[in-house]
Amino acid sequence: MLTNSKALARTIPAIRATIQPQVRFQSTSETVLGLGQRLKSIFSSEDGPKKMPELVQYRIFKYDPQVDNEPYIQSWYLEYSKNSPMLLDDLFRIKNTKDEGLAFRRSCREGICGSCAMNVNGKNALACTYKVGDHISDVKPYISVYPLPHMPIVKDLAVDMKHFYMQYKSIDPYLKEVNVLDSFIKDRINPKPGFKHDRRLSKFHFTLKPHKKENLQSKKNRALIDGLYECILCACCSTSCPSYWWNRDKYLGPAVLLQAYRWVVDSRDRALKERLDYLNDVYRLYRCHTILNCIKCCPKSLSPAEAISNIKSMISLT
Amino acid sequence: MKPRRLSGLQMQVLSVYRIMLRAAKEKQDASISRMVRSEFRKNSSIPVTQHHRIEWMLNQSRGKLELMQSPNCTNVTFFGPDN
Numbered sequence: 001m002l003t004n005s006k007a008l009a010r011t012i013p014a015i016r017a018t019i020q021p022q023v024r025f026q027s028t029s030e031t032v033l034g035l036g037q038r039l040k041s042i043f044s045s046e047d048g049p050k051k052m053p054e055l056v057q058y059r060i061f062k063y064d065p066q067v068d069n070e071p072y073i074q075s076w077y078l079e080y081s082k083n084s085p086m087l088l089d090d091l092f093r094i095k096n097t098k099d100e101g102l103a104f105r106r107s108c109r110e111g112i113c114g115s116c117a118m119n120v121n122g123k124n125a126l127a128c129t130y131k132v133g134d135h136i137s138d139v140k141p142y143i144s145v146y147p148l149p150h151m152p153i154v155k156d157l158a159v160d161m162k163h164f165y166m167q168y169k170s171i172d173p174y175l176k177e178v179n180v181l182d183s184f185i186k187d188r189i190n191p192k193p194g195f196k197h198d199r200r201l202s203k204f205h206f207t208l209k210p211h212k213k214e215n216l217q218s219k220k221n222r223a224l225i226d227g228l229y230e231c232i233l234c235a236c237c238s239t240s241c242p243s244y245w246w247n248r249d250k251y252l253g254p255a256v257l258l259q260a261y262r263w264v265v266d267s268r269d270r271a272l273k274e275r276l277d278y279l280n281d282v283y284r285l286y287r288c289h290t291i292l293n294c295i296k297c298c299p300k301s302l303s304p305a306e307a308i309s310n311i312k313s314m315i316s317l318t
Numbered sequence: 001m002k003p004r005r006l007s008g009l010q011m012q013v014l015s016v017y018r019i020m021l022r023a024a025k026e027k028q029d030a031s032i033s034r035m036v037r038s039e040f041r042k043n044s045s046i047p048v049t050q051h052h053r054i055e056w057m058l059n060q061s062r063g064k065l066e067l068m069q070s071p072n073c074t075n076v077t078f079f080g081p082d083n
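One line per chain: the protein sequences are A and B, in this order. The numbering of the first sequence is full-length UniProt numbering, which starts it at 1 and goes up by one. The numbering of the second sequence is full-length UniProt numbering, which starts it at 1 and goes up by one.
Here chain A stands alone, though its shape is the one from the complex (with noise of 0.2 Å):
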């Protein structure tokens, strides 16, 4: 597999052009949300509106390892309120007025930056995207709220993603404009001190020159990343994933294996055969077992297992 790089060079585009837009995975909370919406409409004409609980009960996991032996669930109850109808609003108001060492991460309050991933009545969501009246009823009057699963914990709902963030690192998140051999030759024509100078190999030189003009790419190979640069990297889908929890080591994780096809699939990219050969394990890729609890869970309503299935049919494709 992935021996003659000429012969991969001149397949590229190829491969490439077989990696359309195909059949989507689905995903669920759309279907859902038309199902509630239709519901609605059928039963608001009698019952009038959704029956609202006076309080709501947020229970919520704290832990602060320099203080408490043990975790456990806080909770507290606020009055329901529709001016403020994001979890995020009413974790600020927890803070501000009952608990003021409560721990949790946020930025952006719009669902841009990831940071407020938790998981929320089960699910991992972000908090600032996260409709609290939409989850509440008056049978089912609480939300609770726990970390990410699996993750090592910092404090209360804050969790530690460096392992996270270095395993998106390996995969080299950028333009590559020259691969691995060009740099090696590169060394050899413009010595470094110490180094030889080799004639042989100038004639490769047209390969290194940078571009003169911007790095173009056609509407086409544009389209190709749509719904991969999205992902802003919250940790949703990994954290979900229950082949993540048991091989967090190596296994490298639905978000990263998407933002991993986003620079495979990119035409402006010159490493495909060095990424997809770094790929090709039996523990970074190939324990993806197609769970889909990434598709379920995605704030952004992306599809990282359609990615990591794309990734597969590349790898035995080249």
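Simulated from the structure, these hints should not be mistaken for lab results. Treat the numbers as computed from the prediction; the structure is a model and nothing was measured. C-beta atoms are modelled at their ideal positions from N, C-alpha and C, and glycine is treated no differently. One should not assume that every hint holds.
Unchecked claim - Here are the simulated DSS-like pairs of lysine-lysine, each with C-alpha atoms no more than 25 Å apart in a straight line:
#, chain 1, residue 1, chain 2, residue 2
1, B, 2, A, 162
2, B, 42, A, 169
3, B, 2, A, 155
4, A, 131, A, 176
5, A, 250, B, 64
6, B, 64, A, 155
7, A, 312, A, 220
Claimed, not checked - Here are a few chain A residues that sit away from chain B, every Cβ distance over 10 Å (derived from the structure):
#, residue
8, 160
9, 172
10, 243
11, 274
Said to hold, decoys possible - Far from chain B, by Cβ distances over 12 Å, these chain A residues were calculated:
#, residue
12, 64
13, 65
14, 68
15, 94
16, 100
17, 115
18, 135
19, 154
20, 155
21, 162
22, 163
23, 173
We have chain A; now place chain B onto it with these hints.
Positioned in the frame of chain A, the structure of chain B alone reads:
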């Protein structure tokens, strides 16, 4: 006498301790290894049932270890509830 059978967590702690001492030896300052030893001794009184706390400390110490292993690092301090 048979050696005591250690739990997985205990073995992890011991391995981090060992690597940390080795990393401390590399440094010029001899007080670092003394500090590492006293820190582990101090926290050895945490009961084994508090595995959440031990895991948290293990995670923290791994971060510290990475710092110590970098050649630019000259000294390390520990922050804990008792300091």
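- Identify every previously stated hint that the structure contradicts and give their numbers, smallest first. Hints 1, 2, 3, 4, 8, 12, 13, 14, 19, 20, 21, 22 contradicted; others consistent.
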